[in-house]
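Asker: Given chain D, work out where chain E should sit, using these hints.
There are 2 protein chains.
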Amino acid sequence: MQLKPPYLMFLGDAADQLAAKTAQGVVDWRPDICLAQLRLPGCNADLGLPDMTLEDAAARGAKTLILGVANRGGKISAEWAGVLVRAMELGFDIASGLHNKLADVAGVLEAATTHSRQLFDVRHPTQSFAVASGSRRPGKRILPVGTDCSVGKMYTALALTKEMQGRGMKASFRATGQTGIFIAGEGVSVDAVVADFISGATEFLCPANEVDHWDVVEGQGSLFHASFAGVSLGLIHGAQPDALVLCHEPTRTHMRGLPDFPIPDLGLCIEANLNAARLTNPAVTCIGVAVNTKSLSEAEAGAVLEKIEAELGLPTVDPVRTGVARLVDALP
Amino acid sequence: MQLKPPYLMFLGDAADQLAAKTAQGVVDWRPDICLAQLRLPGCNADLGLPDMTLEDAAARGAKTLILGVANRGGKISAEWAGVLVRAMELGFDIASGLHNKLADVAGVLEAATTHSRQLFDVRHPTQSFAVASGSRRPGKRILPVGTDCSVGKMYTALALTKEMQGRGMKASFRATGQTGIFIAGEGVSVDAVVADFISGATEFLCPANEVDHWDVVEGQGSLFHASFAGVSLGLIHGAQPDALVLCHEPTRTHMRGLPDFPIPDLGLCIEANLNAARLTNPAVTCIGVAVNTKSLSEAEAGAVLEKIEAELGLPTVDPVRTGVARLVDALP
Chain D
0 MQLKPPYLMF LGDAADQLAA KTAQGVVDWR PDICLAQLRL PGCNADLGLP DMTLEDAAAR
60 GAKTLILGVA NRGGKISAEW AGVLVRAMEL GFDIASGLHN KLADVAGVLE AATTHSRQLF
120 DVRHPTQSFA VASGSRRPGK RILPVGTDCS VGKMYTALAL TKEMQGRGMK ASFRATGQTG
180 IFIAGEGVSV DAVVADFISG ATEFLCPANE VDHWDVVEGQ GSLFHASFAG VSLGLIHGAQ
240 PDALVLCHEP TRTHMRGLPD FPIPDLGLCI EANLNAARLT NPAVTCIGVA VNTKSLSEAE
300 AGAVLEKIEA ELGLPTVDPV RTGVARLVDA LP
Chain E
0 MQLKPPYLMF LGDAADQLAA KTAQGVVDWR PDICLAQLRL PGCNADLGLP DMTLEDAAAR
60 GAKTLILGVA NRGGKISAEW AGVLVRAMEL GFDIASGLHN KLADVAGVLE AATTHSRQLF
120 DVRHPTQSFA VASGSRRPGK RILPVGTDCS VGKMYTALAL TKEMQGRGMK ASFRATGQTG
180 IFIAGEGVSV DAVVADFISG ATEFLCPANE VDHWDVVEGQ GSLFHASFAG VSLGLIHGAQ
240 PDALVLCHEP TRTHMRGLPD FPIPDLGLCI EANLNAARLT NPAVTCIGVA VNTKSLSEAE
300 AGAVLEKIEA ELGLPTVDPV RTGVARLVDA LP
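Those protein sequences? They're chains D and E, same order as listed. Per numbering that gives the first Met the number 0, the first sequence runs over residues 0 to 331. Per numbering that gives the first Met the number 0, the second sequence runs over residues 0 to 331.
Be aware that a few hints might be false.
Stated by the list, open to error - Calculated cross-link-like contacts (lysine-lysine; reagent style DSS-like; alpha-carbon spacing at most 30 angstroms):
id, chain 1, residue 1, chain 2, residue 2
1, E, Lys20, D, Lys100
2, D, Lys3, D, Lys74
3, D, Lys100, E, Lys3
4, D, Lys74, E, Lys161
5, E, Lys74, E, Lys20
6, D, Lys20, D, Lys161
Calculated from the structure, these hints are not laboratory results. Note that this is a predicted model, so its numbers are computed, not measured.
The following block holds chain D by itself, in its conformation from the complex (with noise of 0.2 angstroms):
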């Protein structure tokens, strides 16, 4: 899977700015790769982007139509038919984060065809990917791990992705659910392969490297979800990580979904992750915290990260607020 840049966003009916927060992502950390994006009437998100039709889009050298929105009831709706295969007409593909395949709309996968169009469902995988072999390979890897889902893991591996670009570091970011796919122009939704193979698809997404080089790969879900932890501990084994990132978001009052359970405490959760880890790296270490403040004033986030920093002996990061320069001072 390799998305061509750049990208008109579609965000159809989009019913407020929160069903447009995968595509704001992808505005957000690649505004060179977003050339415009399309609204439908009755469209109440705004990217901030030029609109344009596909039309003009297509003249101006889109070469993807991304559908980075959650529509009411998470679907590809039906009436968008028509865009999509007026868009392959014009010599676009397709990708969709969105749970139902775009080969399921009615008319999109004979236009795709037609037209010799791609298709990228990124929430689901169709390559087949090897049961994990475990054995060591060179390069090196960062992984953030969540005390729960939804915690800022994402932002935090692309910001450490950024710091350590700009350093002159050798570093890549390695996408492993939709938003990050879209951003990266590529990836694997680990949470969407066959439960056999999730550490085998993170091997494939982070292979062997130069020694010099560092993956960030994003991470996903917690080892404390109960729904998800499977996937969380999958992707540690297979990304055989030489360095850990807590990430966390203070305000939380229980799992994510999941009322009767309380957030793990901080130091414990480092421990699980590392015991975890070191099955199949045994010198990981975690080189600090990044906690999403974005709910705190100023002063009660300043002091959120001094209190843990102080309870951890970490550096104690807000990837927004403070930057993570100090997360990549300290790695190893």
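Answerer: Quick look at chain E alone, frame taken from chain D:
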């Protein structure tokens, strides 16, 4: 999925007895539902069942043709299509444990449709599962966990179920792999579900039950197996076990298929599994150890069991040599 007994066991042209290992497991545990075997020219395996033609077996009431054989290449042979189609004409459903799908063999899907027969690919779950809720549910559950893959977890689960049922306890075996599914007539191949749903599929498999009912859940993989630990962890979280049994094979020198990975220390392995299981059931305990001493002499086996029992302070049995009564005695 619910396989209808009795079964006609199809051995094809199995090269040797090992190739019929799955079928043999079904016969060992469910002689009551294995009516006969069907062997093709060149077959070198024998389950000790009467040989019957499709016609004879149908006349005697066989309802399902079981493909529990490891063919050369692990696939359903195109040469078997004629047998499969004829079986469906005679009223059989077909259940396969091979890697490719029955419907992909030429003529098979058409015959199933024409004759209204069911095709069961037990390695390929077709239903959708919910994401695990993690909510505590009534009923009790035992889960065998392993130091490695293929150390006797299914055998232990079946032996526990039999012992408990023999004592008049309410107990059900819950199958998570192909052989177990043939034996139980139902189940879910949890290593073949989409990664996000490992725990959810397990919650579906062993749902809420009477407070004095035990589900004995077939374990999979090992938390210490670098290829498959994600499956093991998701299964542990979904099962919410009250009791774990550690399964072990004492002659193994490294993890199965992974020459660089040593077998974990038994005490550490129990601790890691208990720590993982406590997330969804804080009251979980390890009730004992089941050792597969098949490749040891009687004297060696006795010494191994004694040594482990002394070291860990837990009832240690070989389900074949000693039975599992002491494990059932130790249930909470």
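Asker: All hints, please: hold or fail.
Answerer: Structure-based check of all given hints:
no. : hint                  : result
1   : E:Lys20 with D:Lys100 : 39 angstroms, violated
2   : D:Lys3 with D:Lys74   : 23 angstroms, holds
3   : D:Lys100 with E:Lys3  : 34 angstroms, violated
4   : D:Lys74 with E:Lys161 : 47 angstroms, violated
5   : E:Lys74 with E:Lys20  : 15 angstroms, holds
6   : D:Lys20 with D:Lys161 : 21 angstroms, holds
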